[in-house]
Each structure stands twice: as structure tokens, then as C-alpha cells.
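Asks: Chain A is fixed; fit chain B onto it per the hints.
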Amino acid sequence: MSAASPFERREESVRRLLEERSVPLPPDLHTRAVRRGERLLRRRRTARTLLWLALLAAVLAFSLWACSARPWVERPSDTTPPVTGL
Amino acid sequence: MRAGSRGRPPGQAARRAREFEAFVAGAAPRLLHTATLFTAEPPEANPGARRLAVHALAHTYAAWERLSGEDPYAYARGCLALRYARTTWYPRRLRKAPAGGALALLEPRERLIVVLRMFEGVAEEQCAALLGLPRERVAGLCAHACAVLLHPPRERADPAGAVRP
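Quick note, the sequences are listed as chains A and B, same order.
Take the first sequence: its letter number 65 is residue 65 in our numbering, and every next letter is one higher.
Take the second sequence: its letter number 161 is residue 1161 in our numbering, and every next letter is one higher.
Because the hints were derived from the structure by calculation, they are not lab data.
Check each hint, because a few of them may be wrong.
To be verified - From the derived model, a few chain B residues whose C-beta atoms are all more than 12 Å from chain A:
#	residue
1	R1050
2	G1101
3	V1115
4	A1128
What the hints assert, rightly or not - If you anchor each label on the Cβ, the simulated ranges turn out as follows:
#	chain 1	residue 1	chain 2	residue 2	range
5	B	Q1012	A	V73	26 to 32 Å
6	B	G1026	A	F62	49 to 55 Å
7	A	V73	B	R1015	55 to 61 Å
8	A	A61	B	E1019	49 to 55 Å
9	A	W72	B	Q1012	31 to 37 Å
10	B	P1042	A	R44	31 to 37 Å
11	A	S63	B	A1013	22 to 28 Å
12	B	R1066	A	A69	41 to 47 Å
13	A	C67	B	A1014	44 to 50 Å
Everything numeric in this text was worked out from a predicted model, so none of it was measured.
Note that beta-carbon positions come from the ideal geometry of N, C-alpha and C, so glycine has one too.
Chain A on its own, in the form it takes in the complex (with noise of 0.2 Å):
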């Protein structure tokens, strides 16, 4: 096995340069983010049932309507003029 390849040794170099500092982490950090889930938890849940409800009221809405006007039942013609003279 040779040396590391310069490009390896200027990735090494660069990995370094990266993790040099250390960053202090904020004891709240955990807390924030238990709070933010589950906001966004609750306002998913919010949003579906809203969704869900908005579907159920459309289908009941088109089953009403559907019930009462009765698009597929053949209309009475009362443009062509009655057949006479057979």
C-alpha cells in the first residue's frame, strides 16, 4: 500500500480545517424540538381531519342532491311535438 494520494491528504486537510471547533450545545435544544413536533403532529392530524370531513360532507352533499333530482331518469320530452297520423 503506497502513501495517501494528494487528493486524499487535501480531503484529509479539509476534514480538518472543518472539525476544528467545537460547538456548545444549548440545554434547551431537546425541549424546543419535542414542542415543535408535536405542533407539527397536531396541526397534521388538524389538517387531515379537516380534509376528511370536507370529503364526507361533499358526498353527502352529492348523494342528497342525486336523491332528490334524479339525473338518470329520462326526462319527459316537451319539445318534439306528439306523433300523429299513423
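Replies: Only chain B this time, still in chain A's reference frame:
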């Protein structure tokens, strides 16, 4: 009753809280370090990086049950990188890089890629897939960022500077 445990057995919520706490204890220091490198803020004054880290951790928390088998750290890192990539669209807030050393010389996208590739050790292909860039573009941006980091900007005028070790 907590809102988060509604509709689920209470044992599951407690287990999730415990698991997530352990995950944060292990992953938060590195995640915050990555975020601080993204924003090129000084390590002691990094409000932007903290916001990024909280965002990534909160989304990981919300997705915890869907993550079965997947590495939560990789998920959080993806959230972090994508969030940073989006925030750099807006010129305010995170865009201004206040004297964070050599990293502050780079464009936000170059910094994002060099930190993902070199500090986090993400493969080129995964980087490209995450950011929606061609693989060659990721390699080029990373090489340029490495060259800028290793050589001061005065030497960058030398066209061979990017190739020299």
C-alpha cells in the same frame, strides 16, 4: 392528556419520547456542528444554526414512527440540508455570514456541499439526489470549495490553484 398521545396507546408515546431523547442526546452535538458550518456562524453565537437544528429535530420527531428501519440521523441531516438550501433563497437572515472563518468566503451552496461531503461523509450520489443536482455539478462545486478552503483567496487567482495539492 397530552395532545401528542391522543389516539395512540400511552405506552407507545412514552417509548417514542424516550427513544427520541436518547437520539437527541447522541445526535444533537454533531447536528448543531453541521448546522453551524452551513451557516458559517461563530460557534458561540449561532442563532441561525440553532433554528436549523431545532427544525430538523422537530421534523424527525414528527416522522419518528414512519422511520422504521431508516437511520434517524440521516433523516435529520436531510431535513437540515434541505432547509438550509431553501433559506438561502431569501437574502435576509441566514444569508449574511458573519466572519465565520474560511467557510464564510464560500457561496451558501458550495458550503452546503463541502460540509455534506467532507464533514458528514455523504457520498456524491446521495448529495446529488438530495439537492437535485447532477453528480458532476456536485463534484465540481466540492472541488472548488476545497480549493478555496485550502488556499487563501489571493492564491485563487492562479488557475492551477484548484489542481495543486
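Asks: Which of the numbered hints are not met once you compare them with the structure shown?
Replies: Result: hints 1, 2, 3, 5, 8, 9, 11 break, sorted rising.
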